[in-house]
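Asker: Residue strings, one per chain:
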Amino acid sequence: QKEVEQNSGPLSVPEGAIASLNCTYSDRVSQSFFWYRQYSGKSPELIMSIYSNGDKEDGRFTAQLNKASQYVSLLIRDSQPSDSATYLCAVNRVGGATNKLIFGTGTLLAVQP
Amino acid sequence: DTAVSQTPKYLVTQMGNDKSIKCEQNLGHDTMYWYKQDSKKFLKIMFSYNNKELIINETVPNRFSPKSPDKAHLNLHINSLELGDSAVYFCASSQGPTTYEQYFGPGTRLTVT
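Just so you know, the sequences run in chain order L and A. Per this note's numbering, residue 17 is the first one in the first sequence, and the count goes up by one each step. Per this note's numbering, residue 758 is the first one in the second sequence, and the count goes up by one each step.
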């Protein structure tokens, strides 16, 4: 079982719709969760972080965390063609005094005009 | 003003050669990382330095040798390049070793022929 799992997609949504991206993780003691956006040929860009159960909203983005189910999701409201990118879920691996992020393989989102 | 920069952006070389990639961050962060992203977009940590000290050393061939002359710079030297080393190498930084929000450089696309 991979430590961080995402559906590779592509997830295709029409412009203006809500895009829902999902991620599951295996390390039950993980405490920190992140969503990165990566445009083709570019570097990952941090767009959301979430540390406690529930929802966290930032503009059109909402991150949702359910630690009991080991599940984290990202909702993008009013999707725009400029949102088309690969979305990487990242989870911290707990292990002493160092910080290690484990990334999923990403979900490719395609927003159709 | 670029926060995390890398040089070169592209590197094309032949098998057996030795090459270096350089990274610099002007965020005032203490911790820097090297990641490898393969052709399937899987992003995996290789090394991490905190204030010039190596703190994460993943299972990476010893042909790869990182070096941090100061906390704002992190270099990666690769000896005897192999075809399988072809990938995009990203540098990243974070405020500290237990700060999970990481910021990535633009990447270096290495092609070994």
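Check each hint, because a few of them may be wrong.
Unchecked claim - DEER-style ranges, computed between Cβ atoms:
1) Gly32(L) x Pro765(A): 29 to 35 Å
2) Leu784(A) x Pro30(L): 20 to 26 Å
3) Glu19(L) x Thr770(A): 43 to 49 Å
4) Ser28(L) x Asp795(A): 34 to 40 Å
5) Gln128(L) x Glu810(A): 46 to 52 Å
6) Ser36(L) x Asp795(A): 23 to 29 Å
7) Asn832(A) x Tyr87(L): 35 to 41 Å
8) Leu811(A) x Gln128(L): 28 to 34 Å
9) Tyr55(L) x Leu840(A): 43 to 49 Å
10) Gly773(A) x Ser36(L): 45 to 51 Å
Because the hints were derived from the structure by calculation, they are not lab data. Idealized CB from N, CA, C, for every residue including glycine.
Asker: Please test the hint of 23 to 29 Å on the beta carbon pair from Ser36(L) and Asp795(A).
Answerer: About 27 Å separates the Cβ atoms of Ser36(L) and Asp795(A), which means 23 to 29 Å holds.
Asker: For Ser28(L) and Asp795(A), compare the CB-CB distance with the range 34 to 40 Å and indicate the outcome.
Answerer: violated, 25 Å
Asker: So the hint says 20 to 26 Å: do the beta-carbon atoms of Leu784(A) and Pro30(L) match that?
Answerer: Given a distance of about 38 Å, which is not inside 20 to 26 Å, the answer is violated.
Asker: Range hint 29 to 35 Å: satisfied by the CB atoms of Gly32(L) and Pro765(A)?
Answerer: violated, 41 Å
Asker: Taking 28 to 34 Å as the stated bounds, is the beta-carbon spacing between Leu811(A) and Gln128(L) within them?
Answerer: violated, 46 Å
Asker: Between Tyr55(L) and Leu840(A), does the C-beta distance stay in 43 to 49 Å?
Answerer: violated, 27 Å
Asker: Can the suggested window of 45 to 51 Å be confirmed for the beta-carbon pair Gly773(A) and Ser36(L)?
Answerer: Holds, at about 47 Å.
Asker: Taking 46 to 52 Å as the hint, is the beta-carbon distance of Gln128(L) and Glu810(A) inside that range?
Answerer: Holds - the Cβ-Cβ distance for Gln128(L) and Glu810(A), about 49 Å, lies within 46 to 52 Å.
Asker: Does the Cβ-Cβ separation between Asn832(A) and Tyr87(L) fall within 35 to 41 Å?
Answerer: Given range 35 to 41 Å: holds, Cβ gap about 39 Å.
Asker: Range hint 43 to 49 Å: satisfied by the CB atoms of Glu19(L) and Thr770(A)?
Answerer: Once the Cβ atoms are compared, 32 Å apart, the range 43 to 49 Å for Thr770(A) and Glu19(L) is violated.
In summary, the structure is inconsistent with hints 1, 2, 3, 4, 8 and 9 from the numbered list given earlier, while agreeing with the others.
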